[in-house]
Amino acid sequence: MSTLTDNPPMTAHATNPPAAAQVHPTFPGILRGEWIKVLSLRSTWWALASTAAVITLVALASAMSLSATTDDPALAQGIEQMHGAEVIAGGFHFGMLTIAVLGALLITGEYATGTIRSTFAAVPSRTPVLGAKALVLIVLTAAVTLVSATLSYLVTMLQLSQYDLVPALDDPGTWRVLGGTLYSLIAAALFSLGIATLLRSTAASVTVALTVLLLLPGTLSFIRLDWVETIVSYLPLPASSALLTTGAAETQGVYLSTQASLIVLAAYAVVPLAAAAITLHRRDA
Amino acid sequence: MIEAHELTKRYGDKTAVHTLSFTIAPGTVTGFLGPNGAGKSTTMRLIMGLDRPTSGTVLVNGKPYGQHRSPLREVGALLDAKAVHPGRSARSHLRTMAATHHIKASRVSEVIEMTGLAGAATKRVGGFSLGMSQRLGIAAALLGDPRTLILDEPVNGLDPEGVQWVRQLVRDLAAEGRTVFLSSHLMSEMSQTADQLLVIGRGHIIATGSVQQVIDSVASGAVRVRSPRADELAAALTADGVTITSPDASMLEVSGTTAEHVGQVAFRNGLPLYELSPRGASSKRRTCS
Chain A
1 MSTLTDNPPM TAHATNPPAA AQVHPTFPGI LRGEWIKVLS LRSTWWALAS TAAVITLVAL
61 ASAMSLSATT DDPALAQGIE QMHGAEVIAG GFHFGMLTIA VLGALLITGE YATGTIRSTF
121 AAVPSRTPVL GAKALVLIVL TAAVTLVSAT LSYLVTMLQL SQYDLVPALD DPGTWRVLGG
181 TLYSLIAAAL FSLGIATLLR STAASVTVAL TVLLLLPGTL SFIRLDWVET IVSYLPLPAS
241 SALLTTGAAE TQGVYLSTQA SLIVLAAYAV VPLAAAAITL HRRDA
Chain B
1 MIEAHELTKR YGDKTAVHTL SFTIAPGTVT GFLGPNGAGK STTMRLIMGL DRPTSGTVLV
61 NGKPYGQHRS PLREVGALLD AKAVHPGRSA RSHLRTMAAT HHIKASRVSE VIEMTGLAGA
121 ATKRVGGFSL GMSQRLGIAA ALLGDPRTLI LDEPVNGLDP EGVQWVRQLV RDLAAEGRTV
181 FLSSHLMSEM SQTADQLLVI GRGHIIATGS VQQVIDSVAS GAVRVRSPRA DELAAALTAD
241 GVTITSPDAS MLEVSGTTAE HVGQVAFRNG LPLYELSPRG ASSKRRTCS
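Residue numbers (the working numbering), protein chains in the order written: chain A, 1 to 285; chain B, 1 to 289.
No lab work stands behind these hints, which were simulated from the structure alone.
Predicted model only: the values in this text are computed from it and were never measured.
C-beta: ideal position from N, C-alpha, C; glycine also.
Keep in mind that a hint or two might mislead.
[What the hints assert, rightly or not] One side only, chain A facing chain B, incomplete, derived with CB under 8 Å:
1. 30
2. 33
3. 200
4. 211
5. 224
[Stated by the list, open to error] What follows is a set of in silico ranges between Cβ atoms, one per label pair, in the way DEER data are often shown:
6. B:186 / A:234: 56 to 66 Å
7. A:46 / B:238: 49 to 59 Å
8. B:126 / A:228: 29 to 39 Å
9. B:110 / A:39: 34 to 44 Å
10. A:112 / B:110: 24 to 34 Å
11. B:105 / A:142: 22 to 32 Å
12. B:212 / A:271: 54 to 64 Å
13. A:45 / B:6: 44 to 54 Å
14. A:162 / B:126: 48 to 58 Å
15. A:46 / B:110: 25 to 35 Å
16. B:110 / A:142: 55 to 65 Å
17. A:26 / B:57: 23 to 33 Å
18. A:158 / B:122: 56 to 66 Å
19. B:54 / A:234: 39 to 49 Å
Build the full structure now, drawing on both the sequences and the hints.
Right, here's the structure in full:
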């Protein structure tokens with residue numbers, strides 16, 4: 001070992017002003033840092049606005065297509081079993097996409113730009129950063145779901161009233177569907193955050209998230225094999241179906257029970273995040 | 001204070017830094033000199049706990065970086081001036097870091113003032129020149145009023161006035177008793193900024209000492225040694241932080257030290273010498289071990 005100076009000057013008194021004694025990382029501090037991060041980027045607002053827009057517009061479209069359904073005598077009966085809240089939640093799976101993109105960007109934006117090094121220099125324990133991001137994402141998703149549901153409720157009211165389908169706010173079925181929508185969107189967002197923390201690349205993460213969330217259930221549903229159908233029922237979108245109806249669909253057999261749906265979706269949210277939390281420490285930033 | 005002991009980092013089969021051992025003392029400006037790709041940035045990332053060493057240890061202010069209760073109070077680092085989200089303003093970037101440590105907004109304003117960014121603080125970083133990004137990086141490094149500063153190529157892209165400012169800043173910080181460790185690939189820059197030098201090439205430490213000592217040792221050229229036990233001699237000399245090349249099994253070319261020193265090391269280790277010849281000798285020679 002080579003030492004550069006023999007006698008380091010003893011001037012430690014100059015380096016620690018007492019005023020800053022309380023200065024160290026805490027979880028509330030890290031959470032606040034993540035809030036500032038996410039709210040100071042335009043991409044966040046774009047993702048949130050497009051989520052709300054997409055959910056509302058698709059809800060409006062499905063409300064407007066109700067007239068086509070009633071014109072068709074074969075389908076006309078279905079409308080009687082329909083719950084207005086299901087129409088309002090009709091755009092939810094498109095919202096799942098934009099919210100998944102937001103979830104991915106929360107972390108890949110840092111890796112792509114190198115900001116992750118400032119982040120981990122400030123919080124060397126790393127895991128609390130992921131926890132704070134997850135919490136921020138849950139709050140944002142809840143907020144945008146609330147806004148989207150309110151907008152959807154308002155814009156579809158005219159159409160739904162023609163069929164006496166305007167969901168009653170004192171009807172537990174209404175809240176069940178909206179709660180299911182919120183739960184599923186949060187699961188999709190956290191799934192995407194976990195995958196993105198593992199993959200570190202926006203393109204790769206968004207591809208994986210879109211494939212698992214939308215593409216696979218769509219394409220695999222053409223395969224009429226029992227075991228494939230079983231797999232499909234465990235994918236996030238089909239798994240969320242039981243949570244997005246007032247109960248009638250459960251009898252069709254394809255869907256998971258409400259309880260199973262809750263567990264499956266929670267697993268999608270938690271498993272990638274837990275894996276990410278473990279690897280976050282071991283890998284170079 | 002930064003203490004590295006046998007620090008090694010491999011990425012795949014590439015060894016970025018190889019058994020680095022050094023101590024950076026507080027109260028001085030220590031320059032980290034070496035060509036691009038020599039391992040300077042890797043070493044700095046290892047110090048900051050961002051990359052994990054393959055083997056060896058490195059302590060900052062007595063502990064591994066990650067074990068400090070208040071990391072930003074201990075070490076401020078500028079590792080890559082461009083590593084800031086381009087969509088965020090300079091102030092927002094600093095606020096995100098400050099928030100984690102409950103550093104007051106007034107301190108954020110203070111470092112913005114200090115680094116001359118007041119006029120650009122609310123603009124998005126994407127539009128910053130490299131010089132402005134360097135100022136932001138330095139502001140981030142100063143945020144926690146740290147005892148140790150690590151700055152990777154801080155004068156790159158700065159205008160002459162900015163270069164002067166950085167030189168004065170690091171001298172002032174060192175004079176306050178802080179440890180200042182900054183890298184450059186330019187000897188001319190280092191000779192005007194640093195008191196002490198750590199010279200690195202291909203992941204090995206080539207020379208250490210005061211700026212004058214390093215200049216002298218480079219001027220003194222290499223020492224040629226022949227010994228039947230050249231391997232052992234090489235190992236004994238490596239421990240003292242010099243560069244050794246071995247043209248054949250019994251011959252060594254040793255640079256960064258003197259013939260006297262090589263002779264003493266050989267004697268201490270009981271190694272026979274058949275030849276010991278200084279090459280390109282200059283009159284002013286000093287050991288730097």
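Verification of the supplied hints:
no., hint, in the structure
1, 30, "holds (5 Å)"
2, 33, "holds (4 Å)"
3, 200, "violated (14 Å)"
4, 211, "violated (27 Å)"
5, 224, "violated (46 Å)"
6, B:186 / A:234: 56 to 66 Å, "holds (60 Å)"
7, A:46 / B:238: 49 to 59 Å, "holds (56 Å)"
8, B:126 / A:228: 29 to 39 Å, "violated (46 Å)"
9, B:110 / A:39: 34 to 44 Å, "violated (23 Å)"
10, A:112 / B:110: 24 to 34 Å, "holds (30 Å)"
11, B:105 / A:142: 22 to 32 Å, "holds (28 Å)"
12, B:212 / A:271: 54 to 64 Å, "holds (60 Å)"
13, A:45 / B:6: 44 to 54 Å, "holds (49 Å)"
14, A:162 / B:126: 48 to 58 Å, "holds (50 Å)"
15, A:46 / B:110: 25 to 35 Å, "holds (33 Å)"
16, B:110 / A:142: 55 to 65 Å, "violated (37 Å)"
17, A:26 / B:57: 23 to 33 Å, "holds (28 Å)"
18, A:158 / B:122: 56 to 66 Å, "violated (44 Å)"
19, B:54 / A:234: 39 to 49 Å, "holds (41 Å)"
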